[in-house]
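**Student:** Residues per chain are reported as follows:
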Amino acid sequence: MKVQRIYLCENSIEGIFTAIYQAWSSRYGHANIKIQEKNDMGLYSNFELFSEYFMVETDLTLVTKVSRSIKEKISDEAYQMVYRVGISNYKGKADLIYRFLIFGFSVGPKILGHLSNEIVGQIYKINRYVSNEVHHMHGFIRFSEQENRILVSVIHPKNNILALIAPHFADRLPEERFIIIDGNRKIAVLHLPGKSWVLIGLPNYSEASYYQYSSKEEEYQDLWKAFFENIAIKERTNFNLQRNNLPLRFRKDMTEFQS
Amino acid sequence: MIFQEDMTIQRKLEILSDAAKYDVACTSSGVDRKGNGSGMGNSLACGICHTFSADGRCISLLKILFTNECIFDCKYCINRSSNDIVRASFTPQEVCELTMEFYRRNYIEGLFLSSGILVSPNHTMELLLQTLVLLREKHHFNGYIHCKAIPGADPVLIEMLGWYADRMSVNLELPTADSLRELAPHKKRKNILKPIRQIQLRRENEKEYLGLPNKQILLGKSDIIDSDMKEVISANTSLQLYQSTPKMKRRFVPAGQSTQMIIGATKESDYQIMSVAEALYKNFNLKRVFFSAFMNVNQDNRLPSTEEGPPLLREHRLYQADWLIRFYGFQTKELLSEEKPYFNVLLDPKCDWALRHLEMFPVEVNKADYYTLLKVPGIGTNSVRKIMMARKNASLDFADLKRMGVVLKRAVYFITCKGRMMYPMRLDEDTITRQLLSDKKQLPHGVDQSITYKQLTLFDDFNLNFNVN
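First to last, the protein sequences are chains Z and W.
If you're matching positions, the first sequence starts at 1 in the working numbering and goes up one per residue.
If you're matching positions, the second sequence starts at 260 in the working numbering and goes up one per residue.
What the hints contain is simulated information worked out from the structure, not anything from laboratory work.
From the three backbone atoms N, C-alpha and C, an ideal C-beta is built for every residue, glycine too.
Hints are supplied without guarantee of correctness; some may be wrong.
Said to hold, decoys possible - Which residues of chain Z face chain W? A partial, calculated answer using Cβ under 7 Å:
hint, residue
1, 5
2, 102
3, 113
4, 155
5, 218
6, 220
7, 241
8, 258
Unchecked claim - Cross-link-like lysine-lysine pairs, in silico, PhoX-like; alpha carbons within 20 Å at most:
hint, chain 1, residue 1, chain 2, residue 2
9, Z, 125, W, 661
10, W, 626, W, 592
11, Z, 195, W, 626
12, W, 334, W, 489
13, W, 508, W, 541
14, W, 626, W, 526
15, Z, 158, Z, 195
16, Z, 110, W, 293
17, Z, 38, Z, 252
Said to hold, decoys possible - Covered stretches of chain W, going by a simulated chain Z footprint (3 or more residues, C-beta under 8 Å):
hint, segment
18, 413-427
19, 520-532
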């Protein structure tokens, strides 16, 4: 029996794709290979016994090759689904994507119809989870206006979804300068009027440094809170329903729940 | 009546959002519109909820009345002219400012503008139109706008408003003409249906012009239709185009129109209410009919008391049935009848229907067609779509169904996989009902948890009284 090989890669689409390329081209046998992403804190998970570890250096030329093959041999839709899994917080996503692609390259675009397959089913499930969070964020993001008329929003999503949220707001607020910060990952989306949005890193980000409200800002926050209070019908109060629809984890970033 | 001069905008917002909260529709769905690269706003067909209030209802739009001054005296309404409450009115500028600033901060998806009748329907309508024009033309607002059409206003005004709004609605208020006459003496059912018809015809006319297929039309016309509806439909006078298409890159009421009815203020049965809703969908091509559980906000003793809370469960059942009619191919007369005019309190309408039609079950998941699968309790439109896709590649088993999101707890009594049921069971109404209700968590909120099925049959006969009050 061969010794199991584990490819350890960066926790990003690029890292995962590089590992997949290397694992595949090693011709060691899919059953003897596992791909593992490093977790978000930069620490390694527990090492497994009786396995050989390979550290994967992200290589962008390999990434392009893998993504091109997915689009050509499977489909664009499959690529998008893989992408969403890649940015999710699902543990073991690298190996899941690997298994999905092995299956995908053998059956082609039809793979998306194999809903009863466990791996495909899992891919669908994670996709729904990520897309739901994106949809939630479209609604739950709150901007506050700073002194220089810049709109700032801080969110703490579970998945790394900034790049999926940004197009919606760039389309909606074309003439605004805005910034959406992912407080967990210390990255941000920047948008300037007439330009396309960009994703940047904010290694020195801290909560306090982004709040210098403009003179009108607090007035509108109060107006919004007043509206929020008054629109509820007392006789129908149902906090359970409210919590089902709007989980508590979103609320700390939402104006109407801040005192 | 109390008038106050120099009210702050905060105070006005408090009064006029409080007055608008009984309006049900807060949806922002039905129209896909990309941003135009300038101004502000776009719109998504799926709609976006921006927050949820303490009653658990979605807040999507800035839902306000333009004014709560009203010359009408509808008995059920908090803003009726005989009530002694604080009155306030916005100016068009104030509404625009609130909408734009809220929208920028992503508090809202757009504006829902309704109003009391100030001076006259025409005067009110002109103010609403002025607000919308200002918002679209001066502030270049490209987000969602839902606006009420005021019955009795000049058709020209209604048509103009339609070019600026995404959705329009006229409230039917009450299901039948009799109860409307009784509770809203100033309103006439025919006057309410006329603008609905006008907007419908104008939309269809524009769709023909644009060559768009009309996906919404349900098959067949409803056979249950009252005399008012007949009269309004046959009178084709309302199909006059008062304006040639204005030169703007907009469509006429692209998200369609909706309406709402108050449930439980008058004595109509669920059967009557659903028949009216179905007739509205089929004959007036509405997008949505909303139901609003009645609350006796005026403590008026001529109306039923709602001290034990509004009839929320009844409202819930009506919405479930509404869904079955719009997306599942059901008809009102399949779900209810003259002899059984109320929905089952304990079971949802689909389960209830399936239990009365056990001769049609079980169905084989791997073979049954789309519409047959849709009628199985626990299988919804999404699950059916997935099943149809998955069974092309493999024959499905119960574990696969579970993974795809089918609610086996309910579906298991009505389906077979590869010719077998999940486990052997007796297929009769009593057994299945008892099984379905044995999980207390499945019982609707507000129903006595200690209930057993035997008590239930008694209770079912009781149903009539339970629902009416």
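**Student:** Each of the hints needs a verdict: does it hold here or not?
**Tutor:** So, going through the hints one by one against the coordinates:
| no. | hint | in the structure |
| --- | --- | --- |
| 1 | 5 | 30 Å, violated |
| 2 | 102 | 17 Å, violated |
| 3 | 113 | 5 Å, holds |
| 4 | 155 | 11 Å, violated |
| 5 | 218 | 12 Å, violated |
| 6 | 220 | 5 Å, holds |
| 7 | 241 | 3 Å, holds |
| 8 | 258 | 12 Å, violated |
| 9 | Z/125 <-> W/661 | 12 Å, holds |
| 10 | W/626 <-> W/592 | 27 Å, violated |
| 11 | Z/195 <-> W/626 | 53 Å, violated |
| 12 | W/334 <-> W/489 | 27 Å, violated |
| 13 | W/508 <-> W/541 | 29 Å, violated |
| 14 | W/626 <-> W/526 | 44 Å, violated |
| 15 | Z/158 <-> Z/195 | 28 Å, violated |
| 16 | Z/110 <-> W/293 | 31 Å, violated |
| 17 | Z/38 <-> Z/252 | 28 Å, violated |
| 18 | 413-427 | violated (count 0) |
| 19 | 520-532 | violated (count 0) |
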